[in-house]
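Chain residues, written in single-letter form:
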Amino acid sequence: MTDLIQPIVNGILLGGLYAAVAIGLSLMFGIVRLINLAHGDLMITASYLSLVMVEQVGLSPLTAAVMVVPMLFPAGFGLQKYVLNRALRRGPEPPIIVALGISIVLQNVLLLIFSPDARSIPANVAVLAVPVTENLSLPVIYLMGFGVGCTAIAAVHVLVRRTRLGRAIRAASEDDETARLMGIDTEYVHCCAMGIAVTTAAVAGVLVGMTFTFYPHSGPQYLLIAFGVIVIGGVGSMTGALAGGIVLGLAQLVGAHVFGPGHQLLCGYLVLLAVLAVRPHGILGRANS
Amino acid sequence: MRLSRQPFTIGLIVLLGAAATMPLWASRYWMLLCLTFCLYLSLAQMWNLLAGYCGMISLGQQSFIGLGGYTPAVLSVYYGLPLWMGVLCGGVTALVFALLTAVPLFRMRGVYFAVGTWLTAEVLAVAFSNWSFVRYGMGIVITPAYQLSLTEMYYAGLVMGIGSTALVFLILRTDLGLTLMAVRDDEAAAQTVGVDVFRSKLYGFLIAAFVTGLTAGLIYLHQVFIQPYKAFGIDWTVRLLFIVIIGGIGTIEGPIVGAVIYIVLRQVFSEYLDVSLLLMGAVAIAVMTVAPKGIVGSLQERFGFEILSSRRT
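So the protein lines, in turn, are chains A and B. Residue numbering for the first sequence is 107 to 395, as defined by our numbering. Residue numbering for the second sequence is 6 to 318, as defined by our numbering.
Isolated chain B, as found in the complex (with noise of 0.2 Å):
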């Protein structure tokens, strides 16, 4: 049964007005839980490229999180660099950081890569908090980032969550993506027929560490502070993980629908939140075990319709 897509693109303007012109009639609260929302979709997007795409389960998500904090907090609050500027050069940093590690990383494979992305996450957390320069574990106020108002950070913050999803919509359209898909479900017979492996996983990868690395700078500009083993945890990647999982990974549409259930546990348990991590590993078990192509993917089997096609079958 195919459904009909018009609907859907009336549906997905609509929204996306509602959102653009969000400032002018919406409270405070449901602008912050906007942006929020948006912030955690585009980190999710990119776990999900890696992850569902690329097929590349890093748990190191947090390595780019951190530089992409820290770089603004570092050169804003040190140097008087314009905030955007520091956010852009802290994607720059983690772009960096991706390109010297991707070598070595790339040579693990599986459950090797996912404990060495994570590993070297922890290296630079226990190297952020012995660094004096970075105030060790103290962390950084980073005060300049108190003049922006919250309109200007729900705007970037739109930008990344909307941008995210349509770059990752784009590049499953290019070569870029039919590669990347093709190294994920067999690397050998990738190769076989002519698909440079460690080229387009590291353009992956790269892109992954880019669009991480500004998101983290605009949390951070928002969040205020800084501290290397918050900025650096493996929580960052859990909950990336749980978005995915839950809405259904490797699908465009599955961070969104998974983005929209975190904030909303996130809400429910604000006070509780330690019952909510607890929470949201046991429901990544029980969908893992139960229907592990999450909300979406089991629609989209069910149903067989795409509202943002090109998914992982």
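Chain A with its partners taken away, still in its complex shape (with noise of 0.2 Å):
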């Protein structure tokens, strides 16, 4: 019984980074209905860019992570104003085709300049602990991403709750026409909640990048856990999102613990199905969207 804390701690703190992965997912789902397919993979490449910055230019991933994470603003911004938002307009098939579309030409490209080799971040932190116990220790990286993933919660929270655009926000979510009608340029609001959503990508995927290795196809591996996340948080919560993960962070480790490592994926993926199947629209979801 008391290997079995470890686990249960490691999938809490895992938790946190999974919340992180997932929060711009559900700001996005929570808007405009959609599963933005490329989330992952917008993710993944914020690990390559700091992978270039740490490997390439010699900087420190800290560093590395704040050059990055501003630079995907505007690319999310682009992504959503002159490619997501066109696709938008012609109904609700469209966005998830063009999003899947993103989705592969991302992996290739990355495919293409860096090779299909594992790959991960090189960080003094990623071997650190924290000994608590004898059995139990805290691996720093894990407690930076639980540390992250809570701090990018708040940010976004505060952020829709508090300013004049997370008003126009939720507006724009709670009812595009009538905002519309309001005088809220509905599209240019789509545009910067598409910036913020990927920017807190960006931050995961630095994150994820100096956890664990990734590869040019992790994308879709981790868009599967984000969508987790807010199928059983709940679409637009955020603190359903801190919910969801350590969930699913627990559900992986524990799952690995008991079953093998090879069973991980299985065991989230698995307790995600059955939410699914009771719930599909997620357990705090809104049953009508």
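Heads up, some of the hints might be wrong.
As the list claims (entries may be wrong) - Computed Cβ-Cβ distance ranges for the label pairs, DEER-style: (1) A:V384 with B:E192: 14 to 24 Å; (2) A:T169 with B:L104: 28 to 38 Å; (3) A:P180 with B:S154: 55 to 65 Å.
Unchecked claim - Sample of chain B residues facing chain A (criterion: CB under 7 Å; computed from the structure): (4) L105; (5) P109; (6) M113; (7) V116; (8) G121; (9) V128; (10) I250; (11) D279; (12) L283; (13) A289; (14) M293; (15) T294.
To be clear, the hints were calculated from the coordinates, so they are not data collected in a lab. All values derive from a computational prediction rather than experimental measurement. For glycine and all other residues, C-beta sits at the position ideal for the given N, C-alpha and C.
With the hints in hand, could you dock these two chains into one complex?
Structural data, given as structure tokens:
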């Protein structure tokens, strides 16, 4: 029983990172009812960008993150403005397909540039751990992931609840047409929200890059995790994202501990499928979406 | 402007005749191309049946493809069952799997359904790669399939390609086709006028699963080697999506045109696999933002003709 404590603690900490992966996706889904299927790939792109900064330019991982994260805001903004908004005007199906198209393009661009080899961002913190008891130690990188995840959630929460832009975002997500009648440029709001979403994905991407190895094709795996976090935690709910992340983190790490490491992904997916089967719109989701 | 149907009918008969006699006059290369075309056409018609006519954007066709491929592999290699029997069993396995997953999946709508189907396929991929019976991720070499001649494969593929197209054509002329399109256009309204929404979606889903499973059996007998992450990979659905979107979603001719374009691109970029996928993604984005009805849909809109009618409007 005592050896279960370590995977439980790690699972909870991993949940913070997963929440960071998911909040951007959740924000966008709340507004445009679109699961951005390229979310995971945008995240992995940020991982590769920081890898370049660390390995080629010689920056420390932290400086690299500070450089890379702001770069992705305009990328997300532009993507929404020139590609996704156009598709959204065409009805509900084109955006799904366009987002999948973006995902494929990103994956293959990364594959062409970086080859299919496993990579990770070299960081000293990745091997450190804080010993707590004989059987339990806290990996520093997981603690960082949890901390940054919670910070990112709090930041997005404040932004959505307390600022003018946040109010416009909420208005657009509540009722697009009425928001436009009130003088809100909802397409511009979508662009800003997408910029924020991709920025949070970039933060998560740098963390994931330091914590795990990644490949050009890692994006979809994280997309599915992020989707799971939203399904369990509820669309647009920031605290729900943390809860969802922890459930999935626990499912994966405890599952891996009990059934062997090969079953880590499987356990996460099965928990998610079970939740989807019982509550097809998520535990806290809105039934009409 | 309404074009006469006669030239198209004659053209169709000539084409079918040419295809049926191909082993007599064509080289191996052209037969292989035509075989690949037919197999992709069949898969694409089934994805189109779901996405274009039932309004169910499935990102999980690879579930049926993997099951349809693994079943004949296991049955023929481990139990010595005849290959064609194995292919049939593969279709049935996919059908049963569709039946089992339909209830939870149909509770999901739109993008939830899309990701739900994808997730199901991922579960199968991970499960198969952890399963000693199917030799984990190493995959199975379907040695009995070596004895198949290209001509046999060719005719089997041709039957699937033409058969699946004819099947969709026929379904759209039955009550099922009408109810499916009604559900796609407005589920609530369809239910109000007495359509059994669940049952019609289920029929569409089961048909698509069965034919996809059968076709996948042929594909893997042809490839001779099956591996979980390839067989259950999202790449399958990406290719089908490309074919159907380019050609024109919700039209019967769309997958045909799309499959031709796919095969041509595949040959042109055969040495640069990454570039071809990249290109497909870019083209799918471009088509969806500029002409979301695809080539066939845009042409129909412009000239108002239909070769195989009962299209989606």
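Right, here's what the structure says about each hint:
no. : hint                           : result
1   : A:V384 with B:E192: 14 to 24 Å : 21 Å, holds
2   : A:T169 with B:L104: 28 to 38 Å : 55 Å, violated
3   : A:P180 with B:S154: 55 to 65 Å : 57 Å, holds
4   : L105                           : 11 Å, violated
5   : P109                           : 4 Å, holds
6   : M113                           : 4 Å, holds
7   : V116                           : 4 Å, holds
8   : G121                           : 6 Å, holds
9   : V128                           : 5 Å, holds
10  : I250                           : 6 Å, holds
11  : D279                           : 5 Å, holds
12  : L283                           : 4 Å, holds
13  : A289                           : 4 Å, holds
14  : M293                           : 5 Å, holds
15  : T294                           : 4 Å, holds
The structure does not agree with the numbered hints 2, 4 stated previously, though it agrees with the rest.
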